[in-house]
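Chains as they are written, first to last, in the working numbering: chain V, 1 to 219; chain A, 1 to 219.
Bear in mind the hints are in silico, worked out from the structure with no lab data behind them. These numbers were taken from a predicted model, which means no experiment stands behind them. It cannot be assumed that every hint is accurate.
[To be verified] What follows is a list of derived Cβ distance ranges for each label pair: (1) 115/A <-> 52/V: 56 to 64 Å; (2) 45/V <-> 14/A: 54 to 62 Å; (3) 181/A <-> 136/V: 17 to 25 Å; (4) 75/V <-> 15/A: 51 to 59 Å; (5) 181/A <-> 131/V: 41 to 49 Å; (6) 14/A <-> 132/V: 45 to 53 Å; (7) 53/V <-> 19/A: 47 to 55 Å; (8) 95/V <-> 61/A: 47 to 55 Å; (9) 37/A <-> 116/V: 24 to 32 Å.
[Unchecked claim] Some residues of chain V that are not near chain A, with every Cβ distance over 10 Å (derived): (10) 97; (11) 100; (12) 103; (13) 117; (14) 139; (15) 156; (16) 175; (17) 179; (18) 201; (19) 213.
[Stated by the list, open to error] Listed next, the stretches of chain A that the computed footprint assigns to chain V, with coverage defined by at least 3 CB atoms under 8 Å from CB atoms of chain V: (20) 89–95; (21) 100–110; (22) 187–196.
All C-beta atoms, glycine included, are put in the ideal place defined by N, C-alpha and C.
Protein chains: 2
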Amino acid sequence: MTPQATTPAYRRLSVEERRSQLLAAALSLFAHRAPEDVSLDDVAEAAGVSRPLVYRYFPGGKQQLYEAALGSAAEELRQCFDETRQGPPLSRLSRVLDRYLTFVDEHDTGFSALLQGGSVVETSRTTAIVDGVRRAAAEHIYSHLGISDPGPRLRMTVRMWITAVEAASLIWLDEDKQPPVDELRDWLVEQFVAVLTVTAARDPQTAALVGALGEDDRD
Amino acid sequence: MTPQATTPAYRRLSVEERRSQLLAAALSLFAHRAPEDVSLDDVAEAAGVSRPLVYRYFPGGKQQLYEAALGSAAEELRQCFDETRQGPPLSRLSRVLDRYLTFVDEHDTGFSALLQGGSVVETSRTTAIVDGVRRAAAEHIYSHLGISDPGPRLRMTVRMWITAVEAASLIWLDEDKQPPVDELRDWLVEQFVAVLTVTAARDPQTAALVGALGEDDRD
Numbered sequence: 001m002t003p004q005a006t007t008p009a010y011r012r013l014s015v016e017e018r019r020s021q022l023l024a025a026a027l028s029l030f031a032h033r034a035p036e037d038v039s040l041d042d043v044a045e046a047a048g049v050s051r052p053l054v055y056r057y058f059p060g061g062k063q064q065l066y067e068a069a070l071g072s073a074a075e076e077l078r079q080c081f082d083e084t085r086q087g088p089p090l091s092r093l094s095r096v097l098d099r100y101l102t103f104v105d106e107h108d109t110g111f112s113a114l115l116q117g118g119s120v121v122e123t124s125r126t127t128a129i130v131d132g133v134r135r136a137a138a139e140h141i142y143s144h145l146g147i148s149d150p151g152p153r154l155r156m157t158v159r160m161w162i163t164a165v166e167a168a169s170l171i172w173l174d175e176d177k178q179p180p181v182d183e184l185r186d187w188l189v190e191q192f193v194a195v196l197t198v199t200a201a202r203d204p205q206t207a208a209l210v211g212a213l214g215e216d217d218r219d
Numbered sequence: 001m002t003p004q005a006t007t008p009a010y011r012r013l014s015v016e017e018r019r020s021q022l023l024a025a026a027l028s029l030f031a032h033r034a035p036e037d038v039s040l041d042d043v044a045e046a047a048g049v050s051r052p053l054v055y056r057y058f059p060g061g062k063q064q065l066y067e068a069a070l071g072s073a074a075e076e077l078r079q080c081f082d083e084t085r086q087g088p089p090l091s092r093l094s095r096v097l098d099r100y101l102t103f104v105d106e107h108d109t110g111f112s113a114l115l116q117g118g119s120v121v122e123t124s125r126t127t128a129i130v131d132g133v134r135r136a137a138a139e140h141i142y143s144h145l146g147i148s149d150p151g152p153r154l155r156m157t158v159r160m161w162i163t164a165v166e167a168a169s170l171i172w173l174d175e176d177k178q179p180p181v182d183e184l185r186d187w188l189v190e191q192f193v194a195v196l197t198v199t200a201a202r203d204p205q206t207a208a209l210v211g212a213l214g215e216d217d218r219d
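Please construct the entire structure, taking both the sequences and the accompanying hints into account.
Laid out in structure tokens, this is it:
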């Protein structure tokens, strides 16, 4: 659909619909270009509206649009973490990683720009959004492992693994999405088990967990 | 020594000495406070000089001082990676980690502020400095492992582990430097072996390496 073709429908959008449309246009641009390479004109053109209309909805301009698009991407990512409590925990982790890696694949340039840092649009607010997603990932992991009160060694292990997964995602994007996504996913699950096993030798809580993981996987 | 006490000596410093003195003062402040909490007046006071003198050496003000101090900290960190080629590689890694963790301990607040991102002083230049240190760390690891041409799976594993070490350092600072530094160091070495072992099942280069590591450690 060209911008012209959307014009007849455009006056009929509600405020909320218009806002969502602009946000979707911004997110699709920020997903595939560095923030420096996206202008308000680009967003206006992608949404088939005028630049003043974009400003009416986002008076803070590009920074505000970027943060709103990031918030919306973060929400999408949190939804990737939703997983039923069915089957062995490692199979659940594998399914979550599948969805996460699909997200990374679909937001490649924006994902790299965001996590590599040093961008002009990075602020304490954008950092807080990203940290919120990391915390949500850790909480989902504890919850699926049936742990309500993770001790410091288990928490450090889980957070280190989450950071390592982010690093792997960035390298994967940098290396033309090699190795194939299925191999990357299995490898990350194996690393999760390996680092938990190392921690198990120093921490009874993790040791109990690793024992239970093994039993689940023999089902 | 109070600022007053340094005044008599101060005119006798060469340009290079004065610059080093200001940089040292800046680094000691940026090491223990968030960049937002360090002013040029603080640097002038710590160095026992006037604010205009600081500006004469660093006309770019706080941003320039921050980047210079960061460059100097990065150099210090690279020196931590220097290690003779004596003894088993894992013992060498352990000694490097000892020095690295001492550096983290001595630059706690600044280290956290830098790596947590979202700071106003973070730019593509500061990001490039940090990435340079990460690359140097990886190169040292390959060199000590006797590998001149690391393949993609080994490179990804090493870079993931380096990122996980950074994450562990931040969490360690956040958790009042617990667990004790010796335990953290040993745990990180064990994790290095564990993730390499996982990769070994997928990559012949890493498999050969893990075999050789085991032999070295039986020496």
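Hints, one by one, checked against the model:
| no. | hint | verdict |
| --- | --- | --- |
| 1 | 115/A <-> 52/V: 56 to 64 Å | violated (40 Å) |
| 2 | 45/V <-> 14/A: 54 to 62 Å | holds (58 Å) |
| 3 | 181/A <-> 136/V: 17 to 25 Å | violated (30 Å) |
| 4 | 75/V <-> 15/A: 51 to 59 Å | holds (54 Å) |
| 5 | 181/A <-> 131/V: 41 to 49 Å | violated (25 Å) |
| 6 | 14/A <-> 132/V: 45 to 53 Å | holds (50 Å) |
| 7 | 53/V <-> 19/A: 47 to 55 Å | holds (52 Å) |
| 8 | 95/V <-> 61/A: 47 to 55 Å | holds (51 Å) |
| 9 | 37/A <-> 116/V: 24 to 32 Å | holds (26 Å) |
| 10 | 97 | holds (14 Å) |
| 11 | 100 | holds (15 Å) |
| 12 | 103 | holds (19 Å) |
| 13 | 117 | violated (5 Å) |
| 14 | 139 | holds (16 Å) |
| 15 | 156 | violated (5 Å) |
| 16 | 175 | violated (6 Å) |
| 17 | 179 | violated (7 Å) |
| 18 | 201 | violated (8 Å) |
| 19 | 213 | holds (15 Å) |
| 20 | 89–95 | violated (count 0) |
| 21 | 100–110 | violated (count 0) |
| 22 | 187–196 | holds (count 5) |
Checked against the numbered hints above, the structure breaks hints 1, 3, 5, 13, 15, 16, 17, 18, 20, 21 and satisfies the rest.
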